[in-house]
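Chemist: Sequence:
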Amino acid sequence: MNSAIAPLPGLPQNPPSMASGRRQYPFHLIEPKWQQFWDVQQTFRAWNPGEKIAGNHPFAQRHGADAMVHDRKAPPKFYILDMFPYPSGAGLHVGHPEGYTATDILARYKRARGFNVLHPMGWDAFGLPAEQYAVKTGQQPRKTTEQNIATFKRQIQSLGFSYDWSRELATTDPDYFKWTQWIFLKLYNSWFNRKTNRAESIETLEYPPGLRLPFSTSDKTELENLELSRRTFRDSKRLAFVKEAPVWWCEELGTVLANEEVVDGKSEVGGFPVVRKLMRQWMLRITAYAEKLLTDLETIDWSDSLKEMQRNWIGKSEGAYVCFGLDGHTKPALEASRNAAESDPEIINLEEIEAFIQSASSRKTDSIWVFTTRPDTLFGATYMVLAPEHPCVDEITSEKQRAVVDAYKVEVAKKSDLQRTDLAKEKTGVFTGTYAINPVNGQRIPIWIADYVLASYGTGAIMAVPAHDSRDFEFATKFNLPIVQVVQPLDPKTDWRGFVDDGTSVNSSGPEISITGLPTAEAKRKITNWLETKQLGKKTVNYRLRDWLFSRQRYWGEPFPIVWKKGPGGQPPYHEALPESALPVLPPELTDYKPTASGEPPLARAKDWVNLPDGSQRETNTMPQWAGSCWYYLRYLDSKNSATFVGKEAANYWMGVSPNPQSAFGNRHSATPGVDLYVGGTEHAVLHLLYARFWHKVLFDLGYVSTPEPFFKLVNQGLILGEDGQKMSKSRGNVVNPDDILADYGADAFRLYEMFLGPLQDTKPWSTRNVEGVYRFLGRVWRLFVDEKSETEFEQAETAATEAQRHRDLLEMIKLDSAIKEALATPAQLKTLHACIKKVTEDLDALRFNTAISALMVFVNEAMTWETKPVSVLRDFLILLQPFAPHLAEELWSKLNSSPDTRHASLAYAPWPRFDPALLVESEMEIPVQVNGKLRDVIKVPANADNAALETAAKASEKVKQFIAGKTIKKVIVVPKKLVNIAVG
RNA sequence: GCGCGCGUGGCGGAAUGGCAGACGCGCCAGACUUAGGAUCUGGUCCCGCAAGGGUUGGAGGUUCAAGUCCUCUCGCGCGCACCA
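Per numbering that gives the first Met the number 0, the first sequence starts with residue 0, numbered consecutively.
Don't read these hints as lab results, they were simulated from the structure.
Heads up, a few of these hints could be off.
What the hints assert, rightly or not - Okay, derived cross-link-like pairs now, PhoX-like style, lysine-lysine, Cα gap no bigger than 20 Å in a straight line:
{"no.": "1", "residue 1": "Lys-565", "residue 2": "Lys-242"}
{"no.": "2", "residue 1": "Lys-219", "residue 2": "Lys-564"}
{"no.": "3", "residue 1": "Lys-763", "residue 2": "Lys-726"}
{"no.": "4", "residue 1": "Lys-970", "residue 2": "Lys-933"}
{"no.": "5", "residue 1": "Lys-960", "residue 2": "Lys-933"}
{"no.": "6", "residue 1": "Lys-976", "residue 2": "Lys-954"}
{"no.": "7", "residue 1": "Lys-424", "residue 2": "Lys-408"}
{"no.": "8", "residue 1": "Lys-894", "residue 2": "Lys-32"}
{"no.": "9", "residue 1": "Lys-194", "residue 2": "Lys-538"}
Start from the sequences, fold in the hints, and give me the full structure.
Modeler: Here is the structure:
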């Protein structure tokens, strides 16, 4: 299936195995044997609350068959999750198993530590490639997807991961996306109540006075109009809503894309150009959760850089809206403020301002609103700039300037977004011919338009303060606009021109308000208060985050559970949710997966499917790929539940219950709230991870889940580069195929190598040669346990054996090394073992897999020299080895357990050995001695030597004496049991 | 430009402020071998015969003691980027 590194014709292929000489150990028999064993025995099944466990299951043998029936006895849970893969046609990549191996090691470790471990796997299977393949070949996307899943599953299973496959899911299964659609209905039927600060059922929405029931009229047309207004109002408040808005359209992909899917003016997938287009689309109101998404980052254990990426994406900035009256309009007024008295001033007024700003195009302009984070610099505003697309531009442009302005607008419209945001380019812009009045000092300032002001942020207009904003400074310098200092830097030597930091306000006194002399923070406060009193401004918070564009013009995605009804009396069609009983809404069968000739989504081709008997029509857009991945971690908890998306009991057990539902902190000291460990790539920082948090918070508000955050601890694995240090790609020809590594070295070596490469989070280059290092280590482990002669006989027998005979019977020929005995371990052996237990345990707790493996190597190097190998020591070692190299560990474990009933018991649930510090204590210790910080000697002293004894012994050292002879000892530092440093002068 | 992270042998990488270079790769020598690209043993930062000296991108600083902490600087990676 994987054609990534297919050999060129005419070149010799690598031999299928043993590429580098004799096989270190028979992994080719051991690995399939144990993979089959785990599968048949369901060794890694995770148990839900209330489940009775088969008595012969190793979990029952450790924790009791009724452990999950009685809550009190239930072992602590540990939910360890991988970002599930998109099963592409290219098959598994060496990057996938990096994270999967890390989580598998942790899962096995936690099982040994007595946790009830949930470690599931599934498929994020909707997506473009299968659909594009369908367009080309006509093969159904479902079929392509199933084939790809089969390949991925085979590859993943060949690595011996301890997934609970009974919980496997695919986002493309109707049993799964039924619930994706169901969650969409919840979003559709909810609104965000700013007063309670959470999502609520749409039923709690209060209508404006004129739209409340019952209606007082009985006139049909009037009733229809009232109904329409009521519906329009309600629909505008839903968390899932339809909006005509400028969206990113990608011609190449034939669909619209979310902001998060557009990078540098190109589609994230494929790198195709995107253009702005006005279209009617489904949106999800993620902006309502901007503040929670931001502040709740504090409650979760993610890397700073990842949190920073989310913070940047949410882009909160605090400031104020300020109203600038146009010259000639004597009293610039906030029309909306007329209603202010009867509204909640904190909330409604701001909404009205926003509505007012948005409706700017539909009324006579008398004022322009700007957003600024620096209201304290208002006295330095010497001109204004509107985005060329600002709705007021045409109206305010003077006749004299109209030609210039129109020409500029045309010029800007021709530029691609990439060109527009190119920082290197020089600022451009033109004067509109109109002036505004600065509300603080009555000054007449020119209004310009320029493309350095973005229509999509704030109000699409700015007050320009060239003295204290680098962009305005650049612009003002180019166009000779006045630059007035209003902030004095704290350090008088600093030039105030272009000074953008906090300082002290100067030259900031007007007829009604003065902030001169105030430090920046105070100045902001004072002037904002004044603006609010005068109804010329409003303190506000702005977010860069936009609502989530949620519809795609695709075939291979979840259809919306929505129909469009004909509006009464010539009114436009309106949307309505399908009942839950209509779920899942299956996509129609098609033979042609292209969009229709009129540019409608492919689903529109299925006329029988679209047109319903009552004359209404189905929505033909589909959901984006991110929909399915927004909640899959919840479905794993209860993947077979047909009554609900996840059972309450299962959700509460696996996700944990917050005692204080508003704060994850309250839960810190009990169970971890949410997924205990989530591992995946950093490419999902602002897509999947933001969307999933959003959905989770909605589900939390609506009472369906018990924690406010889904993923408590998250770790990003680093990228694995090609051997040449470049990112792996087909075009470079440096892609490593896991199947090849597996064939040559086996799964255990592959797992070990991926972890030995370096710290999990780091970017690191692949090196097939280094795989041999860990492979040899596993060979040494093998030889530590097995009798050489029996192995030689085994190899001869294997060569002679038929394919059918090459099974576990042959492995039975291999005998234990005769040095392995039921003997008492010596103190030195115990010390070696316990140093290893300590290091491996600590390293696993800190996800330091590479150094844990080196500790295992140190143990083996030492143990190879032992004349007698005590079984007890080797058993503990195998438990330590098991998470890393499970197949080999199981095989050797079964050889150690010679009695017939323990012979075939898995060691997956064998209790992790306890580290005993007493066993590390020696009778003597080696203490480095420094003179002036330089190492001069290492002395041997009794283990119980106190500081005074250390000092005496250090001074007695011949080597040390040479360096202190004839000098004055100024100071002696003794670090207890560690080091002596003698300072001499 | 802003933010975050990182600079250690030939290479991947180890080092709670306390013996720099664990472990592995590679390389060198030896053993066993018909042979080995298998395995085992020893060696392997630099200068020096040695004693000793030097060494964690560079320059300062704090400390009895700095790869580790602080300041500046250079280089690399990632993220954001005209966000008012």
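Chemist: If a hint holds in the structure, say so; if it doesn't, say that too.
Modeler: Now for the hints, and whether the structure bears them out:
1. A hinted pair counts as satisfied when its Cα atoms are at most 20 Å apart, and Lys-565 with Lys-242 qualifies at roughly 18 Å.
2. Taking the CA atoms of Lys-219 and Lys-564, the gap is near 18 Å; set against the 20 Å cutoff, the hint holds.
3. Of the pairs offered as hints, the one joining Lys-763 and Lys-726 holds, with about 10 Å between alpha carbons and a cut-off of 20 Å not exceeded.
4. For the suggested pair Lys-970 and Lys-933, the alpha carbons sit about 14 Å apart, so the restraint of at most 20 Å is met.
5. For a cut-off of 20 Å, the pair hint linking Lys-960 to Lys-933 stands: about 14 Å separates their Cα positions.
6. Among the hinted pairs, Lys-976 with Lys-954 is consistent with the structure: their alpha-carbon atoms are about 16 Å apart, no more than 20 Å.
7. Between the alpha carbons of Lys-424 and Lys-408 the distance comes to roughly 17 Å, so the proposed pair stays at or under 20 Å and holds.
8. A hinted pair counts as satisfied when its Cα atoms are at most 20 Å apart, and Lys-894 with Lys-32 qualifies at roughly 14 Å.
9. For the given pair, Lys-194 sits about 18 Å from Lys-538 by alpha-carbon distance, which is consistent with the 20 Å threshold.
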